[in-house]
Each structure stands twice: as C-alpha cells, then as structure tokens.
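A.B. asks: Okay, here's what each chain looks like letter by letter:
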Amino acid sequence: QKEVEQNSGPLSVPEGAIASLNCTYSDRGSQSFFWYRQYSGKSPELIMSIYSNGDKEDGRFTAQLNKASQYVSLLIRDSQPSDSATYLCAAYHMDSNYQLIWGAGTKLIIKP
Amino acid sequence: DAGVTQSPTHLIKTRGQQVTLRCSPKSGHDTVSWYQQALGQGPQFIFQYYEEEERQRGNFPDRFSGHQFPNYSSELNVNALLLGDSALYLCASSLAVWTSGGSTDTQYFGPGTRLTVL
Numbered sequence: 001q002k003e004v005e006q007n008s009g010p011l012s013v014p015e016g017a018i019a020s021l022n023c024t025y026s027d028r029g030s031q032s033f034f035w036y037r038q039y040s041g042k043s044p045e046l047i048m049s050i051y052s053n054g055d056k057e058d059g060r061f062t063a064q065l066n067k068a069s070q071y072v073s074l075l076i077r078d079s080q081p082s083d084s085a086t087y088l089c090a091a092y093h094m095d096s097n098y099q100l101i102w103g104a105g106t107k108l109i110i111k112p
Numbered sequence: 113d114a115g116v117t118q119s120p121t122h123l124i125k126t127r128g129q130q131v132t133l134r135c136s137p138k139s140g141h142d143t144v145s146w147y148q149q150a151l152g153q154g155p156q157f158i159f160q161y162y163e164e165e166e167r168q169r170g171n172f173p174d175r176f177s178g179h180q181f182p183n184y185s186s187e188l189n190v191n192a193l194l195l196g197d198s199a200l201y202l203c204a205s206s207l208a209v210w211t212s213g214g215s216t217d218t219q220y221f222g223p224g225t226r227l228t229v230l
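Which chain is which? The protein sequence lines are A and B, in order.
Residue 15 in my numbering sits at position 15 of the first sequence; the count goes up by one each step and never skips.
Residue 125 in my numbering sits at position 13 of the second sequence; the count goes up by one each step and never skips.
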C-alpha cells in the first residue's frame, strides 16, 4: 500500500515563530516530493519540490528530505497569519510513476 | 502566461444526471491530471491524460471518464451521479519529464470545480 502520512493537526503556532510540518512516506523508492498549500475552499498551490537529501530553501520556506528515514518536512520561518492553511505533502512512487500519492494534509493555524 | 483554467466553477446536479467538467492546461504543458477532493481529505487521483490517451487511472469506477484534445485541454465526464460524487474536482497540468528515477513532473492546479449532487 503506497502511503503518505501527515498529522492532521491542527498545529497552532504563534505569529513570528517557526512552524514545522512533517510527512512520512512508505515507498522507499520515491524520488520526488512536493509541498502544497491549500486555503479553505481553494485549490492547492505549489510551495516547493525537493528531490535530493538535505535542505532546500526558498524565502521563508525550507523543505528537508531524509530518504533513509523516509520523511520530508517543511519549515516556515517568521510565521504570519496568512500562512494559516492546510499543507499537503505528495510524492511520486516508483511503481506508479505518473501518479502522485497525497497525504491528507496538516491544518496550520498561526495565532496573532 | 495563463495558468490552469477550469470551468465551471460551481455546479449543482441531481442524482442520476451526467456532468462534464473542463480544463485548459498551463501554457507549455502537455499532461493533465484529474483529482477528486472531499472535505478534509487530500486529493484522490482519478486519471491522467498524456498525448490524448489515459496514461494512468486511480481507483474510480467507469462512471468517470475523460478525454484530452489535441490542444492538450481535457474534459472529465461523470455519469449516473451519486450523492457521494459531491466534491471539489481539481485539474492539474504538468510538462512530462522522465528521468531514470521516475517521474518528476511538477503539477499546477486550476481553481477547481465545486460539484454538488442533490
């Protein structure tokens, strides 16, 4: 069973703090990972993709990938109320190359 | 540069009816994937179209069918609607990129179509 797991939350973080979102995946052969942000009633918006072990930074966002432990995380620095949304993690699995496998998402709430 | 567009934005149907949803991919993209998203869940993969053919299909019944046109736009058709088909239907486009390690296509979503079945 190909799975991507996320804590559904909600994760509550004070404004200005670092929000840490985690995702684990079951297929050790997965190569490509994506983080999307989804506001209520809207469609998912791509934040970052990551393919190699280590960190990848883009502005206030940092994605971290650890293939040995099969997890990928997203850090949001200097959290703002506008970051309040559901964050979706997705991965391609080796035996299903055209199908992204999605987590159910983590709801993040940034408290002013 | 136009992003992914979908129509209509909202739709209300009754059980047993048929519906057609439309998607135009982002400029330069050749692949369209369709998803169903129920409230509080992640997107569920319906199918993907590439070169006018269904390349892969998720765990959805044959009531769900699709088509891709030569200009890469796509349609999703759902027959014999059930109450459980009420959801946000998402179209995502990508440019097919194949590496030895598998797919790395980055998918970009349209605004979605909210379907309500009464």
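Hints in this document: simulated from the structure, not taken from any laboratory.
Among the clues, some could well be false.
[To be verified] Label-pair distances were calculated between CB atoms; the ranges are:
1. A:Gly9 / B:Pro223: 33 to 41 angstroms
2. A:Tyr39 / B:Thr117: 43 to 51 angstroms
3. B:Thr121 / A:Asp58: 24 to 32 angstroms
4. B:Ala208 / A:Gly16: 17 to 25 angstroms
5. A:Pro112 / B:Pro182: 28 to 36 angstroms
6. A:Asp58 / B:Ala208: 23 to 31 angstroms
[To be verified] Listed next, the in silico SDA-like pairs over lysine to any residue satisfying Cα-Cα at most 20 angstroms (straight line):
7. A:Lys2 / B:Gly170
8. A:Lys42 / B:Arg169
9. A:Lys42 / B:Glu165
10. A:Lys42 / B:Thr216
11. B:Lys138 / A:Ser49
12. A:Lys107 / B:Glu164
13. A:Lys107 / B:Gly152
14. A:Lys107 / B:Leu200
15. A:Lys67 / B:Arg169
16. A:Lys2 / B:Thr216
17. A:Lys107 / B:Leu151
18. B:Lys138 / B:Asp174
19. A:Lys107 / B:Arg134
20. A:Lys67 / B:Thr216
21. A:Lys107 / A:Thr24
22. A:Lys42 / B:Leu123
23. A:Lys107 / B:Ala150
24. A:Lys42 / B:Leu200
25. A:Lys107 / A:Asn53
26. B:Lys138 / A:Leu11
27. A:Lys107 / B:Gln156
28. A:Lys42 / B:Pro223
29. A:Lys2 / B:Arg134
30. A:Lys2 / B:Gln153
31. A:Lys2 / B:Arg169
32. A:Lys42 / B:Arg167
33. A:Lys42 / B:Ala199
34. A:Lys2 / B:Gln156
35. A:Lys42 / B:Gly152
36. A:Lys42 / B:Gln156
[Said to hold, decoys possible] Covered stretches of chain A, going by a simulated chain B footprint (3 or more residues, C-beta under 8 angstroms):
37. 27-38
38. 62-69
39. 102-109
All residues carry an ideal CB built from backbone N, CA and C; glycine is no exception.
A.B. asks: Hints first: check each against the structure and report whether it holds.
C.D. replies: Hint check:
1. A:Gly9 / B:Pro223: 33 to 41 angstroms: With a Cβ separation near 24 angstroms, Gly9 (chain A) and Pro223 (chain B) fall outside 33 to 41 angstroms, so the hint is violated.
2. A:Tyr39 / B:Thr117: 43 to 51 angstroms: violated (19 angstroms)
3. B:Thr121 / A:Asp58: 24 to 32 angstroms: holds (30 angstroms)
4. B:Ala208 / A:Gly16: 17 to 25 angstroms: With a Cβ separation near 41 angstroms, Ala208 (chain B) and Gly16 (chain A) fall outside 17 to 25 angstroms, so the hint is violated.
5. A:Pro112 / B:Pro182: 28 to 36 angstroms: violated (51 angstroms)
6. A:Asp58 / B:Ala208: 23 to 31 angstroms: holds (24 angstroms)
7. A:Lys2 / B:Gly170: Holds: Lys2 (chain A) and Gly170 (chain B) sit about 12 angstroms apart, inside 20 angstroms.
8. A:Lys42 / B:Arg169: Cα-Cα ~24 angstroms, so violated.
9. A:Lys42 / B:Glu165: violated (28 angstroms)
10. A:Lys42 / B:Thr216: Not satisfied, since the Cα-Cα distance of roughly 24 angstroms exceeds 20 angstroms.
11. B:Lys138 / A:Ser49: Satisfied, since the Cα-Cα distance of roughly 18 angstroms is no more than 20 angstroms.
12. A:Lys107 / B:Glu164: violated (36 angstroms)
13. A:Lys107 / B:Gly152: holds (9 angstroms)
14. A:Lys107 / B:Leu200: holds (18 angstroms)
15. A:Lys67 / B:Arg169: violated (27 angstroms)
16. A:Lys2 / B:Thr216: Given that 20 angstroms is the threshold and the Cα spacing comes to 17 angstroms, the pair holds.
17. A:Lys107 / B:Leu151: holds (13 angstroms)
18. B:Lys138 / B:Asp174: violated (27 angstroms)
19. A:Lys107 / B:Arg134: Outside the cut-off at roughly 29 angstroms; violated.
20. A:Lys67 / B:Thr216: Roughly 16 angstroms between the alpha carbons, so the hint for Lys67 (chain A) and Thr216 (chain B) holds.
21. A:Lys107 / A:Thr24: holds (16 angstroms)
22. A:Lys42 / B:Leu123: Holds: Lys42 (chain A) and Leu123 (chain B) sit about 15 angstroms apart, inside 20 angstroms.
23. A:Lys107 / B:Ala150: With a Cα-Cα distance of about 15 angstroms, the restraint between Lys107 (chain A) and Ala150 (chain B) holds, given a limit of 20 angstroms.
24. A:Lys42 / B:Leu200: holds (9 angstroms)
25. A:Lys107 / A:Asn53: Given that 20 angstroms is the threshold and the Cα spacing comes to 25 angstroms, the pair is violated.
26. B:Lys138 / A:Leu11: violated (33 angstroms)
27. A:Lys107 / B:Gln156: holds (18 angstroms)
28. A:Lys42 / B:Pro223: Cα-Cα ~7 angstroms, so holds.
29. A:Lys2 / B:Arg134: violated (29 angstroms)
30. A:Lys2 / B:Gln153: Holds: Lys2 (chain A) and Gln153 (chain B) sit about 16 angstroms apart, inside 20 angstroms.
31. A:Lys2 / B:Arg169: The given pair, whose Cα atoms are some 15 angstroms apart, holds under the 20 angstroms limit.
32. A:Lys42 / B:Arg167: violated (27 angstroms)
33. A:Lys42 / B:Ala199: Distance of about 12 angstroms is within 20 angstroms: holds.
34. A:Lys2 / B:Gln156: This hinted pair holds, its Cα atoms lying about 13 angstroms apart.
35. A:Lys42 / B:Gly152: holds (12 angstroms)
36. A:Lys42 / B:Gln156: holds (16 angstroms)
37. 27-38: Per the Cβ count (5), the hint holds.
38. 62-69: violated (count 0)
39. 102-109: holds (count 4)
Violation of the numbered hints given earlier is confined to hints 1, 2, 4, 5, 8, 9, 10, 12, 15, 18, 19, 25, 26, 29, 32 and 38; the remaining hints are satisfied by the structure.
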